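Those sequence lines, one after another, are chains A and B. Residue 1 is where the first sequence starts when you use the working numbering, and the numbers rise one by one after that. Residue 1 is where the second sequence starts when you use the working numbering, and the numbers rise one by one after that.
Read the hints as simulated data drawn from the structure, not as lab findings. Being a predicted model, the structure only gives us computed values, none of them experimental. Accuracy of the hints is not assured; some may be wrong.
[Stated by the list, open to error] In silico contact screen, one side only, chain A against chain B (beta carbon under 10 Å); selected entries: (1) R154; (2) S155; (3) E184; (4) Y185; (5) E187; (6) T194; (7) S195; (8) A200; (9) R202; (10) H203; (11) P206.
[Said to hold, decoys possible] Computed far set for chain B versus chain A, every beta-carbon distance over 10 Å: (12) A84; (13) Q115; (14) D216; (15) N297; (16) R334; (17) E341; (18) P382; (19) Q404; (20) D424; (21) L446; (22) Q516; (23) P524.
Yeah, the Cβ is synthetic: ideal placement off N, Cα and C, and Gly gets one too.
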Amino acid sequence: MTTTEQMPADRTPPVRSELARGWLRFNRRPIAVASLVFVALLVLVALLAPLIAPYSFTEQDLTQRLLPPLSDGHLLGTDTLGRDLLSRMIFSLRTALLIGFGAELIALVIAIAVGLVAGYRGGRADQLLMAGTDVMYAFPSYLFAVLIVVVLGRSVTSIIIAIASWVTQARLVRAQVLKIKTFEYVEAARSAGTSGTAIALRHILPNAVGPLLVTTSFAIPGAILAESGLAILGLGVAPPTPSWGGMIVDGYRYVLSSPHLIAAPLVVFGLTMLAFTWIGDGLRDAFDSSEEDRS
Amino acid sequence: MTSGHPLLSVRDLTVGFRGRDGQPTPAVQGLSLNLSQGGSLAIVGESGSGKTVSMRALLRLLPGSAEVGGRAAFEGHDLLRLPADRLRAVRGRGIGMVFQNAMDALNPTRTLKSQLTEHLRWHRICSRSEATRRAVAALDRVGIPEPHRRIRMYPFQLSGGMRQRAMIAMSIVAGPRLLIADEPTTALDVTVQRQVLDLLNDLRDDGLSLIMITHDLGVARYLCDDVVVMRDGRVVESAPMAEFVTSASHPYSKQLLAAALDVDTSTDATQQSAVPDPEPEAPSPLMRANDLVKVFNGRGGETRAVDQVSVSIHRGQTVGVVGESGSGKSTLARLLVRLIEPTSGTVTFAGADLLGAGRRELHQLRRRVQMVFQNPHGSLLPHLSVAANVMEPLRAHRVGTPVQRRQRALEMLELVGVPAQRADHYPRQFSGGQQQRVAIARALALEPELLICDEPTSALDLSIQAQILDLLGDLQQRLGLSMLFVTHNLAVAQRLCDRIVVMAAGQVMEVAPAHQLFTSPQHPYTRALLDAVLPVHSPPQRAAQPLDPPQTEEIRR
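Isolated chain A (complex conformation):
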């Protein structure tokens, strides 16, 4: 009678971890893979900026102001101060990615800590943490960012701190934890005598990260966008450090005469936003547990 269940050894399927399976599913979407390659390329360019950029981002030549693209020695032309636009674009990538990834990293750490403790401990801890989260949620996040920048200055670090938005993700983590807490594998771990910390970190957290990664990939371009918003208020990254927001603000006055000033950052900005969104879609497929690959 056992024949139906035992399988011959030679038909054993390949071992496939959750991660490997996720990658296989991600791979099914060419556009997600292309987006990932694009973002990797951006990161590479940002890292190697001093080697790639033809000029420094501060080097001015007031005799060469507002050159159009494809000018001699300036592929994308120059800006109002005669700085090479291509070089500024390359260096602004550093600022953008630093802000996007940095802000999300901080947000994730806070969100996981708050959500995990609130969801797993419950009771008083949950009430306090969630009350705090609600206050943050109710407070206009833009006003909060403006306040932080005014207090801490216009450095990249203070802007990262200002726009790190962890509130929504903390709620997401908490909801995931509350759900997973009722699963039988958590009960099994409890009845085996596993400690609370181990259950939270080893049993619950790894199974809660899927949706979190998806929201993260949507939040990164959101953070970059927030910096641009601050730039329009005159509270973006302080010059001469180039940022997309700053470049757009500088360029929009010359929109009619020199549209390239605003076109370059806008195109790269748009492509980056799209890429992260498509990566998010791919991740959602990757972590979708509705399909099984049983043996």
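Once you've looked at the hints, dock chain B against the given chain A.
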């Protein structure tokens, strides 16, 4: 079987689902069947056998990714080629369908009246007032008391059994000739199941033909004249029921029949009690619970989920806890390992006070009591390999080095019949039965003295269920385990347990040695439970002892 041309004749039905790559995966391959006017047919198979898919294909209820081939003539018209408007007429008036889960199949935001009459008015069968009259009559026909009052209720205001009756009323209100019932009683308790089946039987007397999709041979035998056995989308055997149960020809059918457990109530049976039953007051049981009470405070007020329950488990003994859903049996199991804290009462394990134990003491005690859960898929960590899953409890108790733990995990997997070369696979790569084996291996890794099993086989197919029961029985003898076995299935309890506790509404109805309980049940509730069991291997007795519906509904409160 009546003569004449068949009501429904299906020829070479095939169903395939196109995947992402555009390749169809076959789900049903070459199903053929005949149902005569007034006949009743059971389609029997385990999960994934294609029984539900094939019946939905008949009514063209499958999603667009399904490719359906073959012929299905209902009263001479091929359902698979009927134009959409004619098909809708057949769906409503010719063929009625009853789904497994009435809670999902009924719209919670609308009253029974609007759902029952909508049907009639859509198909322009009759006027509004006539529709209401017919709806009330249908509710009355399916045995819903006070239909005039209840027709104004919402589905969630009805109990599970009543809801299933309402669902049946909805499918018969337009007077179909054929009723397709898809596992209509699987979600119901045995006593309620019996009532619903008796209702279906009554409807057959009205001349309704019936196709019953079920995994339960007892249900099939109780209700149907013919049987079609399906496996992996193919018909394995099709035969008249009476012939099938005595002389099935296909090996798979034989295997199914062998795996179908009957409750044996004959006096000379059940001498298999391995351990002589000690006196209830025998010295030092391994675990003893006294007057356990658990009160849940919910929105509906207090619920006494477990009410003054005392149980003792002696070394080497298997104690069964049997009851219907809501009887408090699972809550009791969780109280005994202190997964939830009782409201009052005491639990001692090997002389130590489990409820008074501090953190460290509890940690040590938990090593000696382990648990196996109902849903193996949900009880294993999905991101760890099965070997790592089995190592988890060892990690928690800091037993041995990682290498030793792995060694131990492999031994345990071997013990439960999972080959070593599959140890690094992930839980989802295993079937349900294999997953449950892994869960058992994990529970045994710490060499516990007591194993608490909460419905470990009820999520599994019949043939797999038998294997897991054999495994548990075998392990118990080899390792000298004591066991508490929670189940709703009396036949399973009889097969494994030395002593049985019958629970209902949080209270113990009866405690007796297994052989005594089945041969001479004392409590009326135990008798009702036994009567509701549908045997596979002996001819069914129709409505031997009719149960009064309101009474059993009350027990479930």
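Okay, the hints, checked on the actual structure:
Because the smallest distance between the Cβ of R154 of chain A and any Cβ of chain B comes to about 42 Å, over 10 Å, the interface hint for this residue is violated. Among the interface hints, the one on S155 of chain A is violated; its C-beta lies about 39 Å from the nearest C-beta in chain B, farther than the 10 Å criterion. Below 10 Å, beta-carbon pairs count as interface contacts, and E184 of chain A has one with chain B at about 4 Å; its hint therefore holds. The interface hint given for Y185 of chain A holds, since its Cβ lies 5 Å from the closest Cβ of chain B, which is under the 10 Å cut-off.
Satisfaction of the interface hint for E187 of chain A is found here, the shortest Cβ-Cβ separation to chain B being roughly 6 Å, below the 10 Å cut-off. Against a cut-off of 10 Å between C-beta atoms, the interface hint on T194 of chain A holds, since the closest Cβ of chain B lies about 4 Å away. Interface restraint check for S195 of chain A: the shortest CB-CB distance to chain B comes to about 7 Å, inside 10 Å, so the restraint holds. Interface hint status for A200 of chain A: violated, as the beta-carbon distance to the closest one in chain B is roughly 13 Å, over 10 Å.
For R202 of chain A, the interface hint holds, since its Cβ comes within 10 Å of a Cβ in chain B; the closest pair sits about 8 Å apart. For H203 of chain A, the interface hint holds, the least distance from its beta-carbon to any beta-carbon of chain B being 6 Å, beneath 10 Å. Taken as an interface hint, P206 of chain A checks out: its beta carbon lies about 5 Å from the nearest beta carbon of chain B, inside 10 Å. Once the 10 Å rule is applied to beta carbons, A84 of chain B is consistent with being away from chain A; the minimum gap is 30 Å.
No beta-carbon of chain A is positioned within 10 Å of the beta-carbon of Q115 of chain B; the least distance is around 29 Å. Here D216 of chain B stays apart from chain A, with its beta-carbon at least about 18 Å from theirs, past the 10 Å limit. No beta-carbon of chain A is positioned within 10 Å of the beta-carbon of N297 of chain B; the least distance is around 15 Å. With a least CB separation of 8 Å from chain A, R334 of chain B falls inside the 10 Å interface cut-off, contrary to its annotation.
Residue-level check passed: E341 of chain B sits 12 Å from the nearest beta carbon of chain A, beyond 10 Å. Remark: the non-interface label on P382 of chain B conflicts with the geometry, its nearest Cβ contact in chain A lying 6 Å away (cut-off 10 Å). Annotated as non-interface, Q404 of chain B keeps its C-beta farther than 10 Å from every C-beta of chain A; the closest such distance is 17 Å. Not every beta carbon of chain A lies more than 10 Å from that of D424 of chain B, the smallest distance being close to 5 Å; the non-interface claim is violated.
A cut-off of 10 Å between C-beta atoms contradicts the statement that L446 of chain B is not in contact with chain A; the least separation is 7 Å. Distance to chain A confirms Q516 of chain B as a non-interface residue, since its nearest Cβ pair spans about 30 Å, more than 10 Å. With a least CB separation of 34 Å from chain A, P524 of chain B remains clear of the 10 Å interface cut-off, as annotated.
Hint compliance for this structure: hints 1, 2, 8, 16, 18, 20, 21 are broken, all remaining hints hold.
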